[in-house]
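Here's the letter readout for the chains.
There are 2 protein chains.
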Amino acid sequence: MKNSQLYKGSLNTIIMKLLEENGRMYGYEITQKAKEITKGELNITEGALYPALHKLEAEDLLDVEVERVDNRLRKYYKLTEKGTKETVNRLSELEEFIKNMQTIVNPKLSY
Amino acid sequence: MKNSQLYKGSLNTIIMKLLEENGRMYGYEITQKAKEITKGELNITEGALYPALHKLEAEDLLDVEVERVDNRLRKYYKLTEKGTKETVNRLSELEEFIKNMQTIVNPKLSY
DNA sequence: ATATATACATAATACTCTTATGTATAACAA
DNA sequence: TTGTTATACATAAGAGTATTATGTATATAT
Numbered sequence: 001m002k003n004s005q006l007y008k009g010s011l012n013t014i015i016m017k018l019l020e021e022n023g024r025m026y027g028y029e030i031t032q033k034a035k036e037i038t039k040g041e042l043n044i045t046e047g048a049l050y051p052a053l054h055k056l057e058a059e060d061l062l063d064v065e066v067e068r069v070d071n072r073l074r075k076y077y078k079l080t081e082k083g084t085k086e087t088v089n090r091l092s093e094l095e096e097f098i099k100n101m102q103t104i105v106n107p108k109l110s111y
Numbered sequence: 001m002k003n004s005q006l007y008k009g010s011l012n013t014i015i016m017k018l019l020e021e022n023g024r025m026y027g028y029e030i031t032q033k034a035k036e037i038t039k040g041e042l043n044i045t046e047g048a049l050y051p052a053l054h055k056l057e058a059e060d061l062l063d064v065e066v067e068r069v070d071n072r073l074r075k076y077y078k079l080t081e082k083g084t085k086e087t088v089n090r091l092s093e094l095e096e097f098i099k100n101m102q103t104i105v106n107p108k109l110s111y
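Note that the protein sequences, when read in sequence, are chains A and B.
Those letters in the first sequence? Residues 1 to 111, by UniProt numbering.
Those letters in the second sequence? Residues 1 to 111, by UniProt numbering.
Keep in mind the hints are simulated off the structure, nothing from the lab.
A few of these clues could be false.
[Stated by the list, open to error] Heads up, incomplete: computed chain B residues facing chain A, CB under 7 Å, no partners named:
#1 Leu6
#2 Ile30
#3 Thr31
#4 Asn100
The beta carbon of each residue, even a glycine, is placed where N, CA and C say it ideally should be.
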């Protein structure tokens with residue numbers, strides 16, 4: 001995703017947050033939503049997305065439901081109960097991370 | 001560094017920013033500074049730090065000066081002219097990244 | 001004496017993402 | 001009607017980054 005390396009490691013948390021926010025989403029929809037809210041900055045590649053979704057599902061953090069819409073396959077994902085709890089943890093880690101990165105970028109604002 | 005995956009991909013930018021801020025630092029000092037300003041959150045491991053410094057030096061973004069202090073070796077790094085310019089680019093990428101992550105974490109604040 | 005801190009380094013391994021490729025349907029433009 | 005773009009899934013090869021483990025060596029504190 002994106003040409004910068006910065007997003008490495010945050011994909012899982014991004015997926016989980018989007019699912020928390022939107023309830024139920026399919027893969028392609030996640031990529032479009034991510035692109036939309038970052039104004040085109042964050043392009044989640046398929047090679048990153050699908051393995052990530054499969055892994056989260058294998059870890060019992062996501063449930064999947066397959067549906068056929070307009071004669072095309074869609075796999076709708078939603079957070080499991082375990083996934084919902086884990087999302088809370090990951091989001092607070094993410095917020096801490098963001099705060100730390102801001103301190104690094106602009107140390108003068110941190111006191 | 002850290003038990004969270006989030007910092008993956010941002011190490012080079014962190015190093016460069018710390019050098020921009022402090023002028024001249026040696027490896028161990030960088031790890032301590034990072035730990036200090038993140039209140040213990042960010043522990044840059046040696047296995048990540050030293051290869052990163054060597055790579056930045058190879059890319060002509062850092063200069064190195066070896067000194068012996070208290071009978072111990074120190075390698076002081078500083079940004080080259082090229083490195084200083086590149087730091088500006090990477091910091092604006094990082095700020096954009098932070099902004100995007102904030103929008104994802106808290107979409108309600110983004111309008 | 002022993003452990004901890006300072007200060008460097010690298011190799012094996014694990015993990016994450018990119019790039020390339022593949023299948024298939026739908027919609028739109030030339 | 002034919003080619004392109006969009007939708008929608010998937011995986012394999014490769015690149016890149018960080019962890020973990022290990023190594024060398026000196027200084028300081030217990």
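Hints, verified against the model:
1. Leu6: Holds. Min distance 4 Å.
2. Ile30: With Cβ-Cβ at 12 Å, over 7 Å, it is violated.
3. Thr31: Violated. Min distance 14 Å.
4. Asn100: Result: holds, 4 Å to nearest chain A Cβ.
Consistency with the previously given hints fails for numbers 2, 3, ordered from lowest to highest.
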